[in-house]
Every structure is written in C-alpha cells, then in structure tokens.
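Student: Protein chains in written order, with this note's numbering: chain H, 10 to 180; chain L, 59 to 159.
I should point out that these hints are in silico values taken from the structure, not numbers from a laboratory. Don't take every hint at face value.
Claimed, not checked - SDA-like cross-link-like pairs, simulated, lysine to any residue; straight-line CA separation at most 20 Å:
#: 1; chain 1: L; residue 1: Lys145; chain 2: H; residue 2: Thr66
#: 2; chain 1: H; residue 1: Lys141; chain 2: L; residue 2: Val82
#: 3; chain 1: H; residue 1: Lys102; chain 2: L; residue 2: Asp116
#: 4; chain 1: H; residue 1: Lys102; chain 2: L; residue 2: Asp152
#: 5; chain 1: H; residue 1: Lys102; chain 2: L; residue 2: Ile138
#: 6; chain 1: H; residue 1: Lys141; chain 2: H; residue 2: Thr66
#: 7; chain 1: L; residue 1: Lys145; chain 2: H; residue 2: Ala127
#: 8; chain 1: L; residue 1: Lys145; chain 2: H; residue 2: Phe151
#: 9; chain 1: H; residue 1: Lys141; chain 2: H; residue 2: Phe151
#: 10; chain 1: L; residue 1: Lys145; chain 2: H; residue 2: Arg171
#: 11; chain 1: H; residue 1: Lys102; chain 2: L; residue 2: Val126
#: 12; chain 1: H; residue 1: Lys141; chain 2: L; residue 2: Asp152
#: 13; chain 1: L; residue 1: Lys145; chain 2: H; residue 2: Lys102
#: 14; chain 1: L; residue 1: Lys145; chain 2: H; residue 2: Phe81
#: 15; chain 1: H; residue 1: Lys141; chain 2: L; residue 2: Lys145
Claimed, not checked - Pair by pair, the computed Cβ-Cβ distance ranges are:
#: 16; chain 1: L; residue 1: Arg146; chain 2: H; residue 2: Leu158; range: 25 to 31 Å
#: 17; chain 1: H; residue 1: Gly87; chain 2: L; residue 2: Gly62; range: 15 to 21 Å
#: 18; chain 1: L; residue 1: Ile138; chain 2: H; residue 2: Leu45; range: 45 to 51 Å
#: 19; chain 1: L; residue 1: Asp116; chain 2: H; residue 2: Gly11; range: 26 to 32 Å
#: 20; chain 1: H; residue 1: Glu133; chain 2: L; residue 2: Asp144; range: 18 to 24 Å
Each residue gets a CB set at the ideal place from its N, CA and C atoms; glycine is no exception.
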Amino acid sequence: MGAEVILFWLFAAMAVAGGLMAALMPRIVHAVFSLLLCFVGVTGIYALAGADFLAVTQLVVYVGGVLVLFAFGVLLTGRTALALGDKEVRHRKTGLLFGTLLAAGLIAAISRSIFRTAAATPAEGTTEGLGKLLLGDYIILFEFASILLLVALIGAAYLVRRQAPPPEPPQ
Amino acid sequence: MNVGLYHYLLLGAILFATGVAAVVTRRNAIGVLIGVELILNAANINLVGFSRFSGGLDAQVFALFVIVLAAAEAAVALAIILQLFDKRTDVDVDRASSLRG
C-alpha cells in the first residue's frame, strides 16, 4: 500500500513538473522535451491505476507520435522559435496568476463535491474488456474514429503540400 | 493513506490549469498546441480516476477516444502551423491576426 502512494506522488510530481516547465520554459524546444517528462508521468499514473492498455497507448501515441510530430514542427519552424527567445511567453505573471486562480477554484469545487465511488477495483488486464467494449457497445464511435483519422490524415497531407511557384489568384 | 479519487481529480485540475496558462501565455503556435495537449491529458487523468473508482471500463474507452482525437488534432494543427510559417515566416499567434483567403 505504501509503495503505491509513493509511486503515485512521484509520477504526479513528474507530470506536474513537466507540465509547468512545458508552460513556462522560454524556449519551445525545452517545452517540447518537458512535455516528454509530463507524458511519462501521466503514463505512470495510468499504469498505477490499473489502466494497462491505456498506459501503453499513451506511451505509443503521445511519446512516439505526437511528441515526434512536435519536434518536427519545431525543427521546421525553428528560425523564429529561436528568435523569439525570452519574449516567447508573454504576460508570464498574469498567466501564472490566472492559472493559480483556476487551479484553486477547481480544487475548491472538487473538494466540496461528493462522488459516489465503488471500492477500487483490483488491477487486472483491461485489454480484453476494452476490446469487447470497443467492438460492442462503442462500435459506431470506433468506426467514426477511424473515419476521422483518415480525414485528418488526408487533410494534413493536403494542407502541407507545396504550392506551385506562381500562385493562382483565389477563386 | 491510500490513493483516492480526489487525488486523481486534484492532479487533473492542476494539469488543466497549467495547460490553460500555457494556451493563454504562449506566443509560439506550437506552444499553444502543447497547452492543448496538457488539457487533454488532464481530462484523461480524470477519466482514468473515475474508471478506477467506478468499477467499469467505459471511462477508459472514452480516454482512448480522447487520445485518438488528440493525435488527429495535433497532425492537422501542425499542418496549419507549417502553412502559416510558409506564408508569414513566423508562427507568432499574436501577429497572425488576419484571415484572408
């Protein structure tokens, strides 16, 4: 029991520290790498909560996919990202104050609410249950998600294509 | 002391506030996108917490869909940012204030 609490706070600290650094680091490259710390912390939280499939998905999709995408984005727009430097985060104090107030309000609201909770379910494999749900109750959503991914893929490829050198007048 | 639902919600609230702060303070469009990812992760932590303390897996299915949406959103948003960079040679959201075809 003690180990779980310690690990929870360790991963929570990783996630919050990574998130704060991602929000406040003056350089966008540092923010992207802080996001890595945050995502790994969140993965640990999922694993501790017994959501094993979700933890692996988080690692594969976020760390393996989204972060690499961000790194490419930073590389491809690198000149200005470096040039902005200290001016990258504007109104830092106001942003910090706003974020603190928002967090305080949310925490106050959460601590006053009462949730009906069952006993924590013992950790067991979730993959089978998730698969049955995805191809059973949520089959429509599942198919829509695949269509959405296809549309997003085509849309992204269409958006980043090179235009012909002499620009056509807009219709 | 055990880890309860409130701990998950607390962590989610803090990450959410961090993400919102990043969205409103960053000037680089990629920084704004980082904030959005933080917000989505905060939502997922809440979902996982509720899943653990409600005994069902449905919340985890929704968390999976959130991950799928986040990946699609990141791809399209980065494509838009690259187009913006092509047109304006910067990705400063403060200066990208004109919408013209």
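Student: None of the hints should be skipped; say for each whether it holds.
Tutor: Cross-check of the supplied hints:
no.	hint	in the structure
1	Lys145(L) to Thr66(H)	35 Å, violated
2	Lys141(H) to Val82(L)	40 Å, violated
3	Lys102(H) to Asp116(L)	40 Å, violated
4	Lys102(H) to Asp152(L)	18 Å, holds
5	Lys102(H) to Ile138(L)	29 Å, violated
6	Lys141(H) to Thr66(H)	17 Å, holds
7	Lys145(L) to Ala127(H)	54 Å, violated
8	Lys145(L) to Phe151(H)	36 Å, violated
9	Lys141(H) to Phe151(H)	12 Å, holds
10	Lys145(L) to Arg171(H)	12 Å, holds
11	Lys102(H) to Val126(L)	34 Å, violated
12	Lys141(H) to Asp152(L)	46 Å, violated
13	Lys145(L) to Lys102(H)	32 Å, violated
14	Lys145(L) to Phe81(H)	18 Å, holds
15	Lys141(H) to Lys145(L)	47 Å, violated
16	Arg146(L) to Leu158(H): 25 to 31 Å	29 Å, holds
17	Gly87(H) to Gly62(L): 15 to 21 Å	44 Å, violated
18	Ile138(L) to Leu45(H): 45 to 51 Å	23 Å, violated
19	Asp116(L) to Gly11(H): 26 to 32 Å	31 Å, holds
20	Glu133(H) to Asp144(L): 18 to 24 Å	50 Å, violated
Of the hints listed earlier, those the structure fails to meet are numbers 1, 2, 3, 5, 7, 8, 11, 12, 13, 15, 17, 18 and 20, in rising order.
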